[in-house]
Amino acid sequence: MTNFLALSANGLANGSIYGLLALSLVTVFRSTGYLNFAQGEMAMLSTFLVFTGVSMGLHIWIAVAVAVVLSAAVAAGIQFAIMGPLERKGHDVALIALLGLFLFINAFNGAVWGLGSRAPLALFPSGLNDGIQVLDGDPPLVLSYAVIGTWITVILLLSALWLLLNRTRLGLAYRAVVSNRDSAGLVGIPVSGMFALGWALAAVPALFAGVITSQLTGTLSFTMMVNVLVFGFTAACLGGFDSPVGAVVGGLIVGLVEALFPFFVPAVGNDSGLVIAIVLLLAVLMIRPNGLFGRMAVTRV
Amino acid sequence: MTVSPVYSRRKSMAVLGVAALLLALAPVLLSQTSVLKIAQILIFGVALLGLNLVSGYTGQISLGHSAFFGIGAYVTTILVTDYALPILLTLPIAAGLGFLVGVVTGLPALRLKGHYLALVTLGFAVAFPLIVIKAEAITGGANGKLLTSRWALPTNTPSWMTQLSVTYLVILVVTLLVIGVIRNLGRAGAVRTLLAIKDNPLAASVNGVNLTREKVASFALSAAITAVAGSMYAMTAGVVAPEVFGLMLSVQLLTGLLIGGSGTILGSFLGGVVLVMLPEFTADLIGGSGANMAYGALLIAIIFFMPAGIAGGFTSVSRRLKAPGGRTAAPREDASEAAPRDGIGEMASPQGRS
Chain R
1 MTNFLALSAN
11 GLANGSIYGL
21 LALSLVTVFR
31 STGYLNFAQG
41 EMAMLSTFLV
51 FTGVSMGLHI
61 WIAVAVAVVL
71 SAAVAAGIQF
81 AIMGPLERKG
91 HDVALIALLG
101 LFLFINAFNG
111 AVWGLGSRAP
121 LALFPSGLND
131 GIQVLDGDPP
141 LVLSYAVIGT
151 WITVILLLSA
161 LWLLLNRTRL
171 GLAYRAVVSN
181 RDSAGLVGIP
191 VSGMFALGWA
201 LAAVPALFAG
211 VITSQLTGTL
221 SFTMMVNVLV
231 FGFTAACLGG
241 FDSPVGAVVG
251 GLIVGLVEAL
261 FPFFVPAVGN
271 DSGLVIAIVL
281 LLAVLMIRPN
291 GLFGRMAVTR
301 V
Chain L
302 MTVSPVYSRR
312 KSMAVLGVAA
322 LLLALAPVLL
332 SQTSVLKIAQ
342 ILIFGVALLG
352 LNLVSGYTGQ
362 ISLGHSAFFG
372 IGAYVTTILV
382 TDYALPILLT
392 LPIAAGLGFL
402 VGVVTGLPAL
412 RLKGHYLALV
422 TLGFAVAFPL
432 IVIKAEAITG
442 GANGKLLTSR
452 WALPTNTPSW
462 MTQLSVTYLV
472 ILVVTLLVIG
482 VIRNLGRAGA
492 VRTLLAIKDN
502 PLAASVNGVN
512 LTREKVASFA
522 LSAAITAVAG
532 SMYAMTAGVV
542 APEVFGLMLS
552 VQLLTGLLIG
562 GSGTILGSFL
572 GGVVLVMLPE
582 FTADLIGGSG
592 ANMAYGALLI
602 AIIFFMPAGI
612 AGGFTSVSRR
622 LKAPGGRTAA
632 PREDASEAAP
642 RDGIGEMASP
652 QGRS
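Listed in order, the protein sequences are those of chains R and L. So the first sequence is numbered by the numbering used here: it starts at 1 and just counts up by one. So the second sequence is numbered by the numbering used here: it starts at 302 and just counts up by one.
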């Protein structure tokens, strides 16, 4: 039983990472309509910015704050410099540009920070005894601060995003663009500015997804986000591409399924999470392509 | 409507014949290093012909072609090394398996509008090396697997008739066969159906095209062709390893296709040239991950400045030269005008919009 709960807790922590990345994907998708294939690599780049900040002697949270600003600026810059001018050429072109970005950022990171592994980041206390014992037993159920911190991060970020989008004029403008791009433009909302806002906002959960991935998996390398991107897409698909809450819920479900499926079906074996995620993705596409929280896409012909 | 050179049959047939003849002489005339290089170009060209079928004609983007390439390579390596099958027999088996996996991955994604194919195949591309590593007993795991095969050459052959030369000639023949298959598709109207789907899915389906069936069939055929290319890759490389067939290869293939010019046969082979030569240039300049950086930057530059790729650039230039009175349009506008037919470069259809 404790084993089951511990697996679930870890699954929910990993799921939170997927949810965070899915939240980024959804934030970009809602305004621009792109599936941002470069999001994982952008998260990885942000994580390395934090790494550089930390190795320059900054406290990790200050490094995170600096990296948030830089990452958001880079993301908005990408929208203005690359994606914006491609807007009228259609979505397939945008997708290819994003794949180009994917490859470029990945290789750029390898060139700047090297191809080897670095010491993982620790956003939350990561010592062996840094945790809260929730249940007695053998073994006792201990939730590490990293796991709890991950959960809190997801809740805070989702709330902050909700407040920003639903309680501010800026958020109203963003939602206007999401709901009807042309009309929003006609009433004077800077549409391309809102696209850039979507990109900049997406950089924040992506950064946390990257940093927390680094801590929870104990890795920091230029390939660390490729798998996470697949999980993130599965989560976004499961939740529905136009729903931020759906993205997080989808992430948690994917994390849980990944953790618990091998528990119930031991034949699957460990470390087949990716295959489980893909099967889940295929199942969602077969059964409910709009996801749990998504709207049915209606095209006018 | 002007037709692209794919369809102007007699002239391109002659060009193809001359090219094939010259290429067949390569082992006699050129050094073994050059022969290997041409072989690699042909292999990537065939892989791109496969990718072209799905990305150039139907306008869907596949990230799974690295895995199909890998499937072909592993099928040949395993069947020859462990089961002592004749190496030529593994080519159709690779194609068959590629087709099958193509149907399985394509079916759920291609029923839907939008970029679900890219999504599903992304997962497939990332998972493929991990699956290979996990199935260590069959695939040799992370260390890779050697392909042990030698052609039985008659004694007292001329000195140019090496193992590599024979492999090269086999590759050349297979390449010509694949080109023949694709040209026949064009003749049978299948390619026109695909182009119709790409230009306007709704109109195509109103005209009686079964969108899902056509898309899945072309995707699976595309997977099969790329698997054959992978199979030939194993023949020249002599060793396969899982990390070669990762997601990066897929993005590189897409880059090659776009640089060469998607939607044309010539473009696929120009793309092959880029894929073989570019890493060498960048290795001298930047080294390490330089090639991927160059691919990424090129991919973005190409859709900005040359949406129809190199081959598209040729066609639009030659068309302008032929046009009576000459056109005054600036080259860039011309390229983008040609693109809706030639490349993914200019997909104007509204699919994928939310």
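Derived from the structure by calculation, the hints contain no laboratory data. No experiment lies behind these values; they were computed from the predicted model shown. Careful: at least some of the hints might be erroneous.
[Said to hold, decoys possible] On the chain R side, residues computed to face chain L include the following (Cβ under 8 Å): (1) Ile82; (2) Gly84; (3) Val93; (4) Ala97.
[What the hints assert, rightly or not] Distance condition first, Cα-Cα at most 25 Å in a straight line; then the derived DMTMM-like pairs of lysine to aspartate or glutamate: (5) R/Lys89 x L/Asp500; (6) L/Lys338 x L/Glu544; (7) R/Lys89 x R/Asp242; (8) L/Lys414 x R/Asp242; (9) L/Lys435 x R/Glu87; (10) L/Lys414 x R/Asp271; (11) L/Lys414 x R/Asp182; (12) L/Lys414 x L/Glu544.
[To be verified] Which chain L residues stay away from chain R? Per the calculated CB distances, all over 12 Å, these: (13) Ala321; (14) Leu364; (15) Ile388; (16) Gly397; (17) Ala410; (18) Val482; (19) Leu559; (20) Met578; (21) Thr583.
All C-beta atoms, glycine included, are put in the ideal place defined by N, C-alpha and C.
A quick look at each hint next to the structure:
1. Ile82: Since the shortest Cβ distance to chain L is 6 Å, the answer is holds.
2. Gly84: violated (12 Å)
3. Val93: holds (5 Å)
4. Ala97: Check passed: Cβ of alanine 97 of chain R comes within 5 Å of chain L, closer than 8 Å.
5. R/Lys89 x L/Asp500: Status holds; Cα separation ~14 Å.
6. L/Lys338 x L/Glu544: holds (21 Å)
7. R/Lys89 x R/Asp242: Holds, at about 22 Å.
8. L/Lys414 x R/Asp242: holds (16 Å)
9. L/Lys435 x R/Glu87: violated (42 Å)
10. L/Lys414 x R/Asp271: Since the Cα atoms of lysine 414 of chain L and aspartate 271 of chain R sit roughly 32 Å apart, the hinted pair is violated (cutoff 25 Å).
11. L/Lys414 x R/Asp182: holds (22 Å)
12. L/Lys414 x L/Glu544: Distance of about 31 Å is beyond 25 Å: violated.
13. Ala321: It holds; alanine 321 of chain L is separated from chain R by about 32 Å at its closest Cβ, greater than 12 Å.
14. Leu364: violated (8 Å)
15. Ile388: Holds, because the least Cβ-Cβ distance between isoleucine 388 of chain L and chain R comes to about 30 Å, which exceeds 12 Å.
16. Gly397: holds (22 Å)
17. Ala410: Since the minimum Cβ distance to chain R is about 6 Å, alanine 410 of chain L lies within 12 Å and the statement is violated.
18. Val482: holds (25 Å)
19. Leu559: violated (7 Å)
20. Met578: holds (17 Å)
21. Thr583: violated (10 Å)
Of the hints listed earlier, those the structure fails to meet are numbers 2, 9, 10, 12, 14, 17, 19, 21, in rising order.
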